[in-house]
Amino acid sequence: MTVMRLPLGASTRSSLRAGWGLWALAVLTTAGAAIALPAFRTPTSMTSLMASLAPLLLVATGQAVVVLLGGIDLSVGAVLGLATVLVATTESVPVAVALALLAGLAAGAANGLGVLAGVNPLIMTFAAGGIVQGIALLRLSAPGGAVPGAVIDAVTWQAGTVPVAFMAAVGVLALVWFATTQARWGRLLQAAGFASDNARRLGLPVGRVTLLAYSAAGLLAAFAGLAVIARTYSGDALSGTPFVLDSVTAVLVAGIALTGGRGSVLAVLPAAVLLGVVDQVIRLTGTNTNYQFVLKGLILIAAMWLYQAARRRERP
Amino acid sequence: MTTAGLPARRHRLDPHLAVSYALAAVCLVLLGTTTSRGFDPDRILGLLGNQAALGIVALGQTLVLLVRGLDLSVGSVISLSTVVTAAVMDGNPDRIAVAVAATVALGAVVGLANGLLVAYAGIAPLLVTLAVGTIVQGATYVYTNGQPRGGIAGGFRGLADDRIAGTPLPWSLLLWLGVWGIVALTLYRTVAGRRYYAVGANPRAAWLSGVPTTRHSVVAYIASGVLASVAGLHLAAYTGSPSLTVGTSYTLMSIAAAVIGGVALTGGGGGPTGTFAGVLVLVFLGTVLETMDVPAAVQLIVQGGVVIVMMLVNRRLDPARRSRA
Amino acid sequence: MDTVLLECRGLTKAFGATRAIGDVSFTARAGRVLALVGENGAGKSTLMNMIAGSVAPDRGEVAVGGEPLRGGPAAHAAAGIAMVHQELSLFPNLTVAENVLLGREPRGWLGIDDGRLVRRVGALLDDLELDIAPSAPVSRLSPGQRQLVEIAKAVAVAPRVLILDEPTSSLENPQVDLLYRITRRLTDGGAAVVLVSHRLDELFRFCDDVVVLRGGVKVAESRMSDVTRDGLISAMVGRDVTQLYPPRGRGDGTPVAGLRGVSGDGLHDVTFTARAGAIAGVAGLEGHGQALVAEILAGARAPRAGTVTIDGNPVRLRSPRAAVGRGIGYVPPERRTEGLLFGLGVDENVTVVAGRAVNGGWLRRPKREAAAVDRVVRRLRLTASSQRQPVSELSGGNQQKTLFGRWMLHPALRVLVLNDPTRGVDVGARAEIYGLLRELADRGVAIVLVSTDMQELLGLADEITVMYDGRVTGVLDGASATEEQVMRLAVGEAA
Amino acid sequence: ACGSSGDESSTTGGDESFVIGFDAYWLGNSWSQQLQAEFEAAAEQYDTIDDVIYTQSDNDVQRQISNVESMMAQGVDAIVLTPISPDAVVPVIRRAEDAGIRVVLAGNPAAEPVYTAMVNVDDHEFGRAGAEWLVEKLGGQGSIFVLNGLAGNPTSEARFAGAKEVFDQNPGIEIVATANADWDQAAARTTVDSLLAAHPDVDGVWSQGGSMTMGAIEAFEAAGHQLVPMTGEDSNALLKKWTELIAAGDAGFDSIGVSKPTWLTAQALDVAMEALAGEEVEQDQIIEPSLITADNLEEYVRPDLPDSFWSNTRMTDDQIMRLFEG
Ligand SMILES: Nc1ncnc2c1ncn2[C@@H]1O[C@H](COP(=O)(O)OP(=O)(O)OP(=O)(O)O)[C@@H](O)[C@H]1O
Ligand SMILES: Nc1ncnc2c1ncn2[C@@H]1O[C@H](COP(=O)(O)OP(=O)(O)OP(=O)(O)O)[C@@H](O)[C@H]1O
Ligand SMILES: O[C@@H]1[C@@H](O)[C@H](O)OC[C@H]1O
Ligand SMILES: [Mg+2]
Ligand SMILES: [Mg+2]
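Protein chains in written order, with our numbering: chain A, 1 to 316; chain B, 1 to 325; chain C, 1 to 495; chain D, 1 to 326.
Hints listed in this document are in silico derivations from the structure and should not be mistaken for laboratory results.
Check before you lean on any hint, since a few could be wrong.
[As the list claims (entries may be wrong)] Label-pair distances were calculated between CB atoms; the ranges are:
1) A:311 to C:443: 52 to 60 Å
2) B:185 to C:443: 35 to 43 Å
3) B:185 to D:224: 30 to 38 Å
4) A:305 to C:119: 39 to 47 Å
5) B:25 to A:150: 13 to 21 Å
6) B:158 to D:50: 13 to 21 Å
7) B:178 to C:263: 51 to 59 Å
[To be verified] Some residues of chain A that are not near chain C, with every Cβ distance over 12 Å (derived):
8) 102
9) 157
10) 294
11) 299
The beta-carbon is built from N, C-alpha and C at its ideal position, and this holds for glycine as well.
Starting from the given sequences, assemble the full structure and let the hints guide the process.
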């Protein structure tokens, strides 16, 4: 049999190489936890870990796309919350799901338009997040609502210990990674992310790329809302709040530069797994939760320090 | 070509300032006309005095934004400050000075940590201050085990509650204006202050020209940490009790105030005068919405909308900034 | 083959109160290279950007093959216009191949077909005789190589009209020859080329026709063969520039600053001396270590081995600040990224170094500052609408003057290190800058002039240190050195 | 009104011993801290408890679900928790119960009765009780401020819904402003400062308690405004202040401390231990909120303890001191 060379792009291949240290760390940490903590390797714990990772992976994937473009999306939490609220307050299943996803898309597109109009992404998405959260609270002021049974059945399905939401999240991540490296859109994303002025002057469709990136982030946040419903069976305008900083953290630990144009969406997977496993270990070892914040902060700084050092070495 | 010189200055009002103060004026008119004691200076001044914490922390944020930074740790520093003030003071008026010194020193230390990590380790400010803020928050929990101790001495509370004898001017407003004065004097009227703008406009170019850029960045973060702790002192005096969470909302509010006032997140543009207007807008608008009994959800929507509109306006005013956005 | 391909009719463009281009019409013909010349700020880039669609004209239109064009850069590109912009437009985070075919990548069953992409760009680069690997990241290329890639990218679309806005500012002579062959091939194939450049020799060599702009209007148009060099210059600047280079000075002062046995980062045992009152030139092909010499002297880079000496004593310059403190000033080559304080005014850009020296203390004295800025502006004939005009709005030449003027306010300047200070600066402004350098030298300042422009070094420097592969291969007397001598040393041959 | 004591259950439990999980829904204010402290204090009394596994949910529903699942993975026998969202916890409680783990809720309900037991104060009732007192105090006539907890928080929404019912039945009462002050003293202080400037003729304040009532009192005092009747909770700060005001002969102020006792968790543990011992337990144990009024104020106020103490406790003085010494 002849070796078939996949026609993968240089970006794709280099992104496969780039994250190997992180992959190794994630695998080692997971293996270490499984060996040291019997409770960690129980199916309950594994399923729990995967189920909790599903929404984070989805949100962080969208966040990664936006950060690659040199932006940031602080509205993902509010959009996620709105999606859960819409599903929990709409009777017809297809309408509920369509409404949630459309809302995510619309919020993302609005962010994209704002950024294109020149509003700083941090401010644009922060303010848009406020608006979206307000709308969600108007629709459902306290957590609850009634999620259609069919939706719950669909999102909570499990293959053995693996929740469907997790599989879907990993699948979506892989798809988005592939698009960012193998589609023309992805190439443009990297270019515009690195130097948007250049891209504009060259007549590259920066507007379309930007709009698409933010819309994707909004859509994925809404998707993540479904993954949250798989755990909570209910709507909650505030349920996305923790994902804002968590998704940014995952993206940064994945080594995607805040300045845009550098990094790989694929690395979000080991980054999120690493953070999830550390969280789970803290939980299972009964570590005083007060130390949780301190630990998270230190991990972030350490990771950034390492990336910074690596980038410095790269430079001639 | 002649060797004619150039006019020294354009006699033109900075459009960012014009717009942000116009918006503040509109909000003030709204505030005045929608309530019974409308424009009573006693009321307006009191209102501003009560928001001195936001005013002060936003000035620190401005300094950091000017040098292309961002300080997401101010909220945690504010909370920690109320906790430390109460613990050190322990309700004893004799210990006010020690408590203030300890709190400000702590704010300076956190700012120094931010500054060193940004300037020397070269890590993105968003990240450094996010991480340091998380650590500070964790440290506050570890230190108090969730139960803040101590108390605020009655005399100290005058800082927030009392007005300067014979005037309607609250001490807290004076504190805010004083801080504004120092920041404004430094930035607008000193040689060192001018260099902040140079660092923000192009750190590499400023460095090559012999400007001590790292020192300027570090000082900006220290100032932000110190001003956050001063805001914490004001809040401790204001509420009379320590709190683990009181600072949370100040992080993004301080950034919002600065950008509404025309401070560029890309560094080198805007200043304390604009930020002052930004705080006025947020305070007046918030008060109007609250007193008009607008539901919290709608308040969120309105505030988000105002911030976006202001950013769009600022963008229009300054196409040159587009290239650096 | 002489048919009109590109036609501009009544193009007009104003930026606020500045009229950049006023009612300019001209044509470019198939098979010919048109030179577009003018002083800095004459409107060349603006005009070219309108043709490429990246700037919208206030009035007038651009037509290709008789068809008027509408829309932005994409529409103009579709009509066959390609442009190499004055400022480089590559994405350093992507590879050469990815850049060249950005947005037009060949696609296979799995999205972009990287194999074909690399092969196609590889073939193009081979065809253009460019020795650049298609899968190399652009971040690893030298400025000259980047400029060549930029050109390859424009050629890749087989344009009917190719616009080159100062494409040779970073190129070595051999690379310029290459560009010459490339443009000739295009014109032989029936394309029209418009070339903007401040290097007059080049223009006479490359071009068939010439259009001269002054103050945004067309002041002359003719066949290249019908104009003389002096005639062209006076049409451009509106006066005669009789002497580009000032008379040489004494050039034998005492050593002020230098390097002794500096190695590392690609340098090998470099020793170099700058003397008071003299202009010390550093020559070499791009990337052979001259830039490092400049950065080390300026305190922007620490030598790994060896020392920097001042007045004969070894010193450690920890930062540019330390260098500035000892009276060493630096004009970096990349004015946008390393020199200008964008968003700030001319005044702030000029006074950034002076600081307390001008103000006399901690507090600013606006009047004194204004007076100081005024002195600089007059001396440099800097054109701007006010002292506070943002430097981002100045033309490139005036931006360069701003950078230079900064050091005129240093209270005790002893050494001025310049790296390619006249890149993209028009001939009139260049004469002024050269005059200033000589004037500074005559006042006792040691000038270190790193340049890839050999004419400039031969015309100006009192002594020329030539580098090759990080080594000093020879030191020549500026007055007697010939281009050939310098070139031999620069390619590593003994003199 | 103490529930079953530890000694009884330890004897009935035989020689069996148990692992108990406790999830703190939040540890961000003194009330939530004391909620956990009461549990710890109660757990010390049981020698049949082998181990307690503590987790913290940081007011994040999804974290709470993960925490409960991690307890399941560690094989706990019973779990005591305060649901952050009544709906969201149902599936995980159901799974725990299916796995034979007894789940007892303390302080917040779940939307479906899938748990072993719940010990709670009816927050709807909590809201009503304060509102009824206030309406009566104002003679059914007057304008009031409403101070709610966190926007979107179920406890806050339930309490306000209860109060709203009462106000709606009394058309003489006009709510002139409704604000979310997050149960936080500083937030309440700022809010009331500005509300007061707009509505200086306000007659009363309905507050959801927490530390907000103190913030409101301070705002009135700072504005030099005559105090008005305000509802509150059992915050020691408020009780101390109230005592002072009575001593000073303040004419305008009066209050009612509607208490949602922090010992709900202690009680929940007792119930869990009973259930583990095989006893029949009542599923929904709804406790009448204790009402602190001027008449019984003395029994509750603890001038010797810090402001952040919550007076309706089951802890011994020793245990309380430990809480405040950290
Ligand atoms: N975006 C702009 N805003 C304001 N002024 C501008 C702008 N672009 C160009 N100008 C002005 O228009 C005039 C023409 O500039 P242009 O860049 O076209 O000159 P040029 O001939 O290319 O000069 P150079 O030789 O320096 O490249 C200059 O006075 C410049 O300051
Ligand atoms: N953001 C901006 N705001 C205002 N003017 C700008 C801006 N960016 C570019 N310009 C103007 O656009 C023109 C074209 O820019 P370009 O970079 O080609 O400089 P240039 O004048 O051609 O420089 P050089 O002298 O080096 O040839 C410049 O004259 C500059 O004034
Ligand atoms: O009962 C309240 C509780 O639910 C909230 O979380 O904190 C403050 C208390 O008043
Ligand atoms: Mg130009
Ligand atoms: Mg030019």
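A quick look at each hint next to the structure:
1. Judged by the Cβ atoms, the range 52 to 60 Å given for residue 311 of chain A and residue 443 of chain C is violated: they are separated by roughly 44 Å.
2. Checked against the given bound of 35 to 43 Å, the beta carbons of residue 185 of chain B and residue 443 of chain C, roughly 37 Å apart, stay inside it.
3. Distance hint for residue 185 of chain B and residue 224 of chain D: a CB-CB separation of about 35 Å, consistent with the stated range 30 to 38 Å.
4. Range check, residue 305 of chain A to residue 119 of chain C: Cβ separation about 41 Å, and the 39 to 47 Å hint holds.
5. In this structure, residue 25 of chain B and residue 150 of chain A break the distance hint of 13 to 21 Å, their C-beta atoms being roughly 55 Å apart.
6. Checking the proposed 13 to 21 Å range against residue 158 of chain B and residue 50 of chain D shows it is violated: the Cβ atoms sit about 54 Å from each other.
7. In this structure the supplied range 51 to 59 Å holds for residue 178 of chain B paired with residue 263 of chain C, their Cβ-Cβ distance being about 55 Å.
8. Against the 12 Å criterion, residue 102 of chain A stays outside the reach of chain C, whose nearest CB is about 27 Å from its own CB.
9. Distance to chain C confirms residue 157 of chain A as a non-interface residue, since its nearest Cβ pair spans about 30 Å, more than 12 Å.
10. At roughly 34 Å from the closest C-beta of chain C, the C-beta of residue 294 of chain A stays outside 12 Å, upholding its exclusion from the interface.
11. Every CB of chain C lies more than 12 Å from the CB of residue 299 of chain A, the least distance being 26 Å, so the non-interface label holds.
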